[in-house]
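Engineer: Assemble the whole structure, with the sequences as input and the hints as a guide.
Number of protein chains: 2
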Amino acid sequence: MTLRLAERMINVKPSAIRQLLKLGADPEIISFGGGYPDASLFPLEQLNHVYQTAILDQGRDSLQYTVSNGSLKLREQIAERMAKEGVACGPDNVLVLQGGQQGLDLVAKLLINKGDGIVAEDPTFLGALIAFNPYEPRYIPVKMDDDGMDMDALAQALETNSGVKFIYVIPDFQNPTGVTLSLDRRKRLIELANKHDLIVLEDTPYREIRYQGEALPPIKTFDTEDRVIYLGSFSKILAPGLRLGWAVASEELIQQLSLLKLAADTQCSTLNMAAVSLFMEKYDMDAHIESIRQVYLRKKDLMLNTIRETFPASVRYTEPSGGMFTWLTFPEGFDAGTFMLEQALPKAKVAYVPGASFFSVDQKVNTARVSYSTQSDENIVKGISALGNLLTAELS
Amino acid sequence: MTLRLAERMINVKPSAIRQLLKLGADPEIISFGGGYPDASLFPLEQLNHVYQTAILDQGRDSLQYTVSNGSLKLREQIAERMAKEGVACGPDNVLVLQGGQQGLDLVAKLLINKGDGIVAEDPTFLGALIAFNPYEPRYIPVKMDDDGMDMDALAQALETNSGVKFIYVIPDFQNPTGVTLSLDRRKRLIELANKHDLIVLEDTPYREIRYQGEALPPIKTFDTEDRVIYLGSFSKILAPGLRLGWAVASEELIQQLSLLKLAADTQCSTLNMAAVSLFMEKYDMDAHIESIRQVYLRKKDLMLNTIRETFPASVRYTEPSGGMFTWLTFPEGFDAGTFMLEQALPKAKVAYVPGASFFSVDQKVNTARVSYSTQSDENIVKGISALGNLLTAELS
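Residue numbers (the working numbering), protein chains in the order written: chain D, 1 to 396; chain E, 1001 to 1396.
Source of the hints: derived by calculation from the structure; they are not laboratory data.
Be aware that one or more of the hints could be misleading.
[Stated by the list, open to error] Chain D residues, not near chain E, derived (Cβ > 10 Å throughout):
hint : residue
1    : 29
2    : 139
3    : 155
4    : 286
5    : 294
6    : 341
7    : 389
8    : 393
[Stated by the list, open to error] Some chain D residues close to chain E (C-beta under 7 Å, calculated; not the full set):
hint : residue
9    : 5
10   : 36
11   : 42
12   : 47
13   : 59
14   : 60
15   : 98
16   : 99
17   : 111
18   : 134
19   : 240
20   : 263
21   : 266
22   : 272
Ideal Cβ placement from N, Cα and C applies to all residues, glycine included.
Structural biologist: This is the structure in structure tokens:
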């Protein structure tokens, strides 16, 4: 038959993430590709206990339908956690989502008509581009440095572009670069959003995985005009297989997004919401997060030390204070995608994510994202050393 | 701030379903409103067992990310079940969804540009209208009788309307009417879809809850041109709180829908997929479904007997062979919404769904959907009798 697809589909391409998932299945490959949490950190005994309670004691409710914005108790608990971050809110400011990813889709669905502008860090999260693309936005990438998005460049972009609907930003240990938006820039970003009357989509999946320094306040804490939509996630602090995240915003925005949530999939899993709610009630989430931080700090140090020891000086890397990634910048003319296929994979049995797909407009092929979250200490040293030796041979 | 929403939002309205969920929370009200399964039928012990296995024995995988189209094992199991229905397919023809509802959203997202036509039964599932509305389709409603969608009316609608993208149909125990599309009409529907080169979206959430007569083959079994997208759901045969359903279609269509699934929410809950997969492996799903059928048959008989005994003859009702609903048609001029608010709720403490919101274009207010799935036998007799007495006083 003739498939007459909606025009918006022209922008949906097969994803590099899927290809990497397939690579990750080869047991010989040491993959620094996927942004997966370390599965050995999942609290199995505790999760088993809360699922048992949710099913045997509460199953008539926790296996049934519930309201589309999410179980009240879980929304209250999320609001309490947000208050500790300085974001004053109640349960009606919270929408439970099928992971933070669903927030990206619903916000774009709410705000973007074909050709509307989205400002984003350059590079930015590939999953966000995949979520936004079907709505056919016009991307306005803004350059970054070690303090995150460049605010002078943002100011200029907003002066010279009309029809912008929102600014998408990952302020803490950004995906893919690992860098953090500085305090001054957080304040300046809100000033610019106020001046140009824009929504800010603040995406924070790695925020609580900070292992060095003090946490900076969320951009949302500087929001006096109800223009920030904050996205959080249980994927990195508990387990991604539960598919639970949340949005915090004004009641008006949450109501609109809740209607789109109802339209998209009715609601999140009642059972998973009940289990996470019980987990936060019965166990110490903050202590659990602290144990994750220690592991990722050790792995990050191990990876960066090995990079320092084995990589040629012409390869630059970022030094994250949290999250899961460092970002490599190779000399001009180096193609990280070709190098992975022709050298890193066959010779070193190492995979990473070539950086090109993280750029919304001009793809810089001399970049790569490397994740230290899932591999063992031994594999981090082995894989990064092998990659370093190959790079030294190639670039010296 | 000024919210500049995407134009598509003009069609998303607060939903009658949400209002009914709130009503359902009043313990004094006997609600025949929500299309919920009977929670006493959830297999708690068995689900507890499979979750325990999924977490303690398989937790490193079942709590982690997986592929966006769904766990391979679950897709294989679904393909096996579909084969028993006469739909030959493999795991690459299956996409696991966040409930059948997500299939409605993704198919519309794939196919519908503003103004494109969707043919649907009149009345049709409210949740489908809610899913389709954000894409701003033009609805082409086709009248029904006790054998489902009228094929002569469909033929005429397709001759006189251009720009139609798909035909949406719920062939088994339709929501809201409870009627089933006859065998001849299933074949005729495919002929018409072939003639006009259209996708058919076959939605079957109630299909396996047949308690009388023989199952009719899915429309998909007559599909020789890969134009039917079949949607199934675990919500009614297992538990809606797991949020799991599936699509079966050509590999090309499934690939396109999988990309939109990735964009929308990355994937379904790995844990819930693992648990349902284990449930089908370790227990007898068909025996479980048979036990559900017996209960709904008893409740349906009780409700229809009570309607026959207490309702005035001027109120017509459908006689379902499965599913959860009967559909009431009152005399012309009767407003079922007003009657519920002014009489049924305050005087009889009974709720149903006024039928108007199930019509995509011309809303017939003299209709109502009544569900027999969740109330106890006692409450069915008590509530329907009270409603019948009120109606007799009103209409005699």
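Engineer: Now, for every hint given, state plainly whether the structure supports it.
Structural biologist: Here is how each hint holds up against the structure:
| no. | hint | in the structure |
| --- | --- | --- |
| 1 | 29 | 17 Å, holds |
| 2 | 139 | 15 Å, holds |
| 3 | 155 | 19 Å, holds |
| 4 | 286 | 20 Å, holds |
| 5 | 294 | 19 Å, holds |
| 6 | 341 | 21 Å, holds |
| 7 | 389 | 30 Å, holds |
| 8 | 393 | 34 Å, holds |
| 9 | 5 | 6 Å, holds |
| 10 | 36 | 6 Å, holds |
| 11 | 42 | 5 Å, holds |
| 12 | 47 | 5 Å, holds |
| 13 | 59 | 4 Å, holds |
| 14 | 60 | 4 Å, holds |
| 15 | 98 | 4 Å, holds |
| 16 | 99 | 6 Å, holds |
| 17 | 111 | 6 Å, holds |
| 18 | 134 | 6 Å, holds |
| 19 | 240 | 5 Å, holds |
| 20 | 263 | 5 Å, holds |
| 21 | 266 | 5 Å, holds |
| 22 | 272 | 6 Å, holds |
In this structure, none of the earlier numbered hints is contradicted; all agree with it.
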